[in-house]
Amino acid sequence: MRTYLPPPTGFDARAFAREAARAIGLPLPDEALDDVTLNLERTAGFAELLVSVPGLDGEEPAPVFRPERGRS
Amino acid sequence: MSARGIAGNVLAGKDSAVETVRRTLTAIEETQRLRAVTGICEDRALKRAAEVDDAIAAGDVPGPLAGVPFAAKNIFDIEGLVTRAGSRATEANPPATQDAFAIRALEAAGAILVASTNMDELAYGFSGENVHDGDTRNPRDPLLSAGGSSSGSAALVAAGVVPLALGTDTNGSVRVPAALSGVVGFKPTYGRLSRSGVRPFVRSLDHVGVFAAETRDLALAYDALQGRDASDPAQQPRELEPAAPAIDTPGSLNAARLGGYFDAPLHTDVRAAVGAAADALGALEAKMLDLAEAARAASFILTTAEGGHHHLPTLIRCPERLGSLVRERLRAGALVPAVWTARAQKLRRRVSSELLDLQRDQDILIAPATPCPAFPLGTDHWDVAGVSLPIRLGIGMFTQALTLTGAPIAVMCRRGSGSGLPVGIQIIGRPFEEASVLRAARRLERTGFRMVPERPRGTHA
Chain A
541 MRTYLPPPTG FDARAFAREA ARAIGLPLPD EALDDVTLNL ERTAGFAELL
591 VSVPGLDGEE PAPVFRPERG RS
Chain B
79 MSARGIAGNV LAGKDSAVET VRRTLTAIEE TQRLRAVTGI CEDRALKRAA
129 EVDDAIAAGD VPGPLAGVPF AAKNIFDIEG LVTRAGSRAT EANPPATQDA
179 FAIRALEAAG AILVASTNMD ELAYGFSGEN VHDGDTRNPR DPLLSAGGSS
229 SGSAALVAAG VVPLALGTDT NGSVRVPAAL SGVVGFKPTY GRLSRSGVRP
279 FVRSLDHVGV FAAETRDLAL AYDALQGRDA SDPAQQPREL EPAAPAIDTP
329 GSLNAARLGG YFDAPLHTDV RAAVGAAADA LGALEAKMLD LAEAARAASF
379 ILTTAEGGHH HLPTLIRCPE RLGSLVRERL RAGALVPAVW TARAQKLRRR
429 VSSELLDLQR DQDILIAPAT PCPAFPLGTD HWDVAGVSLP IRLGIGMFTQ
479 ALTLTGAPIA VMCRRGSGSG LPVGIQIIGR PFEEASVLRA ARRLERTGFR
529 MVPERPRGTH A
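Line by line, the protein sequences are chains A and B.
Take any residue in the first sequence, note its place counting from 1, add 540, and you have its number in the working numbering.
Take any residue in the second sequence, note its place counting from 1, add 78, and you have its number in the working numbering.
Going by beta-carbon spacing under 7 angstroms, a handful of chain A positions derived as facing chain B:
id, residue
1, L566
2, D575
3, V576
4, L580
5, T583
6, A587
7, V593
8, E600
Pairwise CB distance ranges (calculated):
id, chain 1, residue 1, chain 2, residue 2, range
9, A, A563, B, E317, 41 to 49 angstroms
10, B, P173, A, A563, 34 to 42 angstroms
11, A, P601, B, A308, 20 to 28 angstroms
12, A, G565, B, A308, 30 to 38 angstroms
13, B, P172, A, A563, 25 to 33 angstroms
14, A, T549, B, N171, 37 to 45 angstroms
15, B, D341, A, A555, 35 to 43 angstroms
16, A, A555, B, A463, 35 to 43 angstroms
17, A, E571, B, V139, 58 to 66 angstroms
18, A, R562, B, E398, 17 to 25 angstroms
19, B, K92, A, E599, 52 to 60 angstroms
20, B, P328, A, P548, 51 to 59 angstroms
21, B, K125, A, E599, 49 to 57 angstroms
Simulated from the structure, these hints should not be mistaken for lab results.
Idealized CB from N, CA, C, for every residue including glycine.
Kindly generate the complete structure, drawing on both the sequences and the hints.
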């Protein structure tokens, strides 16, 4: 059991957060950056774990669209 | 008193729904220190109770839950009230125009909504801590977490204030508070129960769930909650499959326990409970869900990404109305790249298949609900069997690993001999085989997995 997994080597979560926030129009004040960076690093670590699962890229994703039940 | 006991007395004329509701309202007042309740529906509940009493006097049978008071997490719509979901960011929303489907379903069976309950802000948490409404306190020890995010619903049942309460479970938000507060919790199969009128958190993972002090009450409530509702596109077209009538039916249930990822870290009380549950259900063999850790990772990713996307308008317009813990998690989630969520969705398919393979010969699988009993409120890290867990996240590590599969899961509790606190076991069934899960839960209950509701000292029990 690992509590937190390391993010990929070289991933600059702080720089990524700044640029991605601009891309989606999300204001990101400086005082939020430390916590946002920490959370992104944790998420990146979890994402890295999925990279290590063999053959995952060829798998069908879980959601299946059913046009007859498309009402939302 | 149990829901069945209350309904029996009300239907037999030994008690009235109005008096039952009045006693419940008094109990809510007496347990305010738990901070389990965020809204009291006094006028509505007394009016509804009078209708139930009038119907019985006229010779009608209002339903199997006649006069039974219940509470609902404040993420469920209540007509005329703003659905706050434990947040200040939602306060400016318009009031709900009708009750959530689940509330309507329970009231159609004769039950009476008396209160809305406290929760982690926007359902994003496992601890029941809330900067706006105060931290929910565990009735077994008010210094401890009741678990979250459906904290107030679990606490009210554990304190004996109501016999039934509604919650929601995305990553464990019914299962964790059930385990820490010492009540029965149940998350039916994803797609079984309508979520209409429930404020979304992570639509691809959100489930409606229910708490009770005992399995037979829970089965009655679950049966009442079933029913087709075209307004929830994720609901599956299933016939009604009542669980209550067969809950005591004898017959074999092949059971095994989940090992590997689910073996550590475990507090000694949890380890002992897993062993006792395995003995009681004849779960001699350990099965390995090899993708459990990856499933937990995928669930974390989907949760933060979907949650961040869903709340993006709030993050842009009025982030100051969110508590800081939730706000920065949602901000980070809104920035998650699509490649991470795409892999998580593929992992969801893979782990669901893996679990179904394990279930081919097993009606029931068991696993710990949490690594340890309740922890002190305000704790960041907590030692469990020599491992320092970031406890606000780590307490859900065993529930979050199973949530992607959508399997029906009940939590049964007993008192740990070392800690004196509740510890919980997950009882996992095949999709849409809720009746088997509740039969197994009932068997465990008969072997000592049962905790009597209790009022904490100092709440004028």
